[in-house]
Amino acid sequence: MRDNRAIITRFLLTLMILLTINFFLPRMMPGDPFSLESSDVEGEDVVVMTEAQRAYYMEYYGLDRPLHEQFIIYLKNLAMGDLGKSISNKMPVSGVILIHLPWTILIVFAATIISTIAGVLLGTFSAWNRKRGIDRFMMAGLIAFAEIPSFLLGIILLLIFVVQLRLFPIAGAITPFANYTGVLDWMGDIAHHAFLPVLTLSLSQLTGVYLLTRNTLITVTTKDYIRTARAKGLGERVVWTRHALRNALLPVVTRTGFMIGALMGGSVLVETVFSYPGLGMTLRSAVIARDYPLIQGILLVIAVSILVCNLTVDLIYRRLDPRVVAQGG
Amino acid sequence: MKKIGLLAVSLALICIVAGIAGCTTTTQSTTGSSGADQAEVVRLAGGDYGYPQPFTIYPRGPGSSKVTMIFDSLLEKDEEGLIPWLAERWDVSPDGKEYTFHLREGIKWHDGAPFTANDVKFTHDYELKHVPISGGIEAGIIDHVQVVDDHTVRFVLNQPAATFLYKMCGFKVIPEHIYSTVSDPEGFIAPEAVTGTGPYRLAEYNKEHGSYQFIANTEYWGPKPTIRVVEFIPISDALISFEQGEIDFTGITPDTMDWVKSNPDVRIVQQPAFWAYEFYFNAVRCPELGDKRIRQAFAYAIDRDELVSKVQRGAGIRGNMGILPDDHIWYNPDQPAYAFDLAKAKALLNEAGWKDTDGDGIRDKGGKKLSYTLSLASGEVRIGELIKARLKDVGIDIQVRALESRSRDANLKSGDYELLISGFGGWGQDADYLRTRYSDVVTGTTSSVASAAAVYGYHNEVLNDLAAREVVELDDGKRKAIVFEMQKIIAEDIPTIPLYYTTSYDAWYISKYDGWMNMFDHHARTHSKLTYLERTGIAARR
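For the record, the sequence lines run as chains A and B.
In terms of the numbering used here, the first sequence opens at residue 40 and continues consecutively.
In terms of the numbering used here, the second sequence opens at residue 8 and continues consecutively.
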């Protein structure tokens with residue numbers, strides 16, 4: 040009982056700090072949504088607003104009020120589930136998030152699953168063959184690979200697969216103005232567009248999972264209970280899958296939770312490279328436009344989804360490792 | 008170890024890419040050079056710029072050009088000047104305060120309702136309460152609008168305004184029968200919100216993916232649309248999309264031109280140079296910059312030609328100290344030129360009493376050194392470094408300070424800088440911008456706040472007088488003479504230095520569509536509504 044109250048208090052405190060940072064950080068950036076003076080790209084058109092226009096919009100969006108008042112209004116509206124109105128998109132923030140979030144979820148989840156499975160398989164393979172040539176080669180290669188920033192990797196993949204081989208579309212999440220013959224056709228189109236962003240994101244996380252799996256497995260296989268299992272006369276395969284891998288997976292699962300946070304961050308860059316219409320690309324343009332309500336909304340969604348992931352990881356962890364429940368309860 | 012691994016992998020990848028590049032040969036279809044003046048579908052670079060009605064587009068990017076495809080204005084712009092559009096002709100009262108527009112008869116909105124003078128008056132009155140993103144008439148110019156009859160509407164001004172007709176080109180008329188019940192046009196994204204009188208209807212808009220599809224209005228009252236379907240599709244790299252035939256038109260830079268040139272089906276045309284970098288002096292913060300000899304020394308010492316060749320790889324024109332670019336319809340070629348001349352710069356600084364007394368290479372006077380911070384956006388660092396090197400030769404010390412562009416903008420607005428560089432477009436617009444940018448008094452009734460000139464402390468009584476006359480001069484010939492004089496004065500004073508005007512190139516597939524044209528004051532061909540209409544119909548209108 041006391042334990043639960045502590046958890047709730049801690050959660051509320053975290054949320055409050057989060058909301059405060061979320062509100063004030065965007066507003067600490069120089070400039071405001073309506074003071075456009077220069078172009079970001081050569082040749083770009085920018086409507087330079089008159090002072091009267093600017094005053095009109097500042098009032099319209101309530102940005103002319105004192106900051107603390109704006110903050111209270113923000114909290115009140117949030118309590119009622121209203122994230123506010125996006126300035127640059129001219130529609131409710133929740134609407135903007137709803138249309139872009141599914142694309143980010145799609146590529147982040149696909150990348151999480153792919154990099155976890157591939158990382159565990161490669162890690163196991165490497166640990167099985169430890170100290171042999173193939174293990175050393177894989178380790179050196181993957182570590183070197185991990186050093187390539189994801190946006191650079193994205194550009195390289197774009198150059199190879201799109202520009203030269205013409206295997207994938209260059210931008211977007213679906214073919215514009217397409218007439219689909221059926222659901223399969225539609226799903227195929229989405230997969231076709233998502234392939235390169237997912238590949239880039241997966242590759243950026245692969246090495247981490249690989250190293251963790253390999254190192255934990257190597258540590259675990261020197262433990263006493265493995266020796267016991269072997270002594271019982273179990274086959275090497277059973278020892279590895281039932282005893283070693285199961286224990287080695289614990290840190291991998293924990294890592295997966297954190298990885299989603301990293302992938303959400305990585306999606307900002309990757310989505311920009313591939314013009315993929317997810318939350319990351321939207322966040323980038325919201326920051327450029329100084330669209331405070333939208334920045335707040337997106338950061339909140341990202342923060343909440345990371346919290347939810349961590350919670351889920353906690354639950355899965357309990358199933359994998361009964362000791363957690365025994366000690367914690 | 009990690010570093011070496013990275014290097015090896017990168018090198019390997021580069022080899023792979025280069026290898027693939029070497030193997031594939033791109034084949035291009037070659038067609039005759041006679042271009043298509045009609046097209047079924049033309050695809051252009053898209054991106055989300057908002058729902059295309061006047062209140063919901065975004066201020067950044069080509070949103071307003073999409074609005075003009077759906078909505079008409081009383082006048083339009085072609086390559087040479089203003090042409091009648093919804094208004095067939097107009098009369099101006101002798102005192103210049105009353106404009107009576109005679110509207111073309113038989114025009115219908117997309118939903119079939121007739122277009123009348125009431126819609127024009129309604130648009131004006133409605134926009135007093137709800138400010139559109141672009142094309143609104145500034146508060147204070149128009150006193151009121153009266154409907155004379157169904158096809159005649161009169162604008163009564165508070166005082167003569169030379170730029171009134173020019174500004175009316177951006178005044179897009181919205182339908183009274185739809186908008187009169189809309190209290191929040193900012194959030195009005197229903198299908199009827201894009202009911203206009205214009206040559207295109209919006210068939211599809213996808214905000215999420217940034218795509219638009221416009222279909223020609225077969226019952227259009229004006230020149231016939233030449234392209235049946237205009238599509239804006241999302242792209243990540245315009246040149247690659249163009250090369251792959253995804254889009255039919257793109258802007259290109261000189262370094263990528265060689266590839267495009269080799270294709271006989273591609274036409275390449277230079278854009279008018281209406282986008283420029285401007286170099287600001289803040290004489291409020293650094294009083295010695297109020298001395299025009301110092302500013303002139305900067306103008307002589309900064310090698311604008313070097314900037315064009317090194318930063319822009321030739322794709323630019325060095326700035327005129329009279330501000331208006333060479334491509335501007337009212338550019339005055341007879342003005343002080345300020346070719347790169349270190350000796351003249353040094354002489355001017357000596358004359359002003361700035362000498363290097365302590366031998367540190369930086370000129371000083373009374374304990375103050377000619378040492379400044381130059382604020383610019385991170386993309387402009389190369390410009391800053393070249394300027395720094397040239398100014399060092401005459402004894403002026405510069406520290407380049409790169410900022411995020413919005414921060415730089417905020418500093419420019421508040422006067423929080425010493426020297427600053429900013430890049431922006433619109434240099435082809437009506438020359439009245441010489442007044443709004445360099446006159447430091449509120450002239451006429453068109454502005455209620457201090458101009459940029461007041462922020463950085465530039466003041467010239469003669470220029471202010473000319474500006475006050477220019478804005479109320481209705482005779483184009485006389486007004487042009489005043490603008491010519493203003494350019495001379497500005498070139499002598501150098502309130503700011505236009506470093507260079509950029510010249511981009513447009514490229515398009517001739518066989519797809521060849522009817523691209525410009526407005527006289529704007530650089531982008533895809534932004535002109537007339538670009539999508541029959542040329543013969545347009546010529547008949549002048």
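These are computed hints drawn from the structure, not numbers from a lab.
Heads up, the beta-carbon is just placed ideally off N, CA and C, and yes, glycines get one too.
Treat the hints with care, since some could be wrong.
To spell it out: a stretch of chain A is covered by chain B in this simulated footprint if at least three of its residues, at any positions, have a beta carbon under 8 Å from a beta carbon of chain B; those stretches are [said to hold, decoys possible]:
#1 59 to 71
#2 126 to 132
#3 200 to 213
#4 303 to 315
#5 318 to 331
#6 338 to 346
Comparing the hints with the structure gives:
Coverage of the region 59 to 71 of chain A by chain B holds. Counting CB-CB distances below 8 Å, 4 residues qualify, and the rule asks for three or more. Counting residues of the region 126 to 132 of chain A whose CB lies closer than 8 Å to any CB of chain B gives 4, so the stated coverage by that chain holds, three being the minimum. Judged by the Cβ-Cβ criterion of 8 Å, the region 200 to 213 of chain A is covered by chain B as claimed, because 10 of its residues qualify and three suffice. Check result for the region 303 to 315 of chain A against chain B: holds, 3 residues qualifying (beta carbon to beta carbon below 8 Å, three or more required).
For the region 318 to 331 of chain A, the assignment as covered by chain B holds, since 3 residues bring a beta-carbon within under 8 Å of that chain's beta-carbons and 3 suffice. Using a Cβ-Cβ cut-off of 8 Å, 0 residues of the region 338 to 346 of chain A lie near chain B, which falls short of the minimum of three, so the contact claim is violated.
Hint compliance for this structure: hint 6 is the single one not met.
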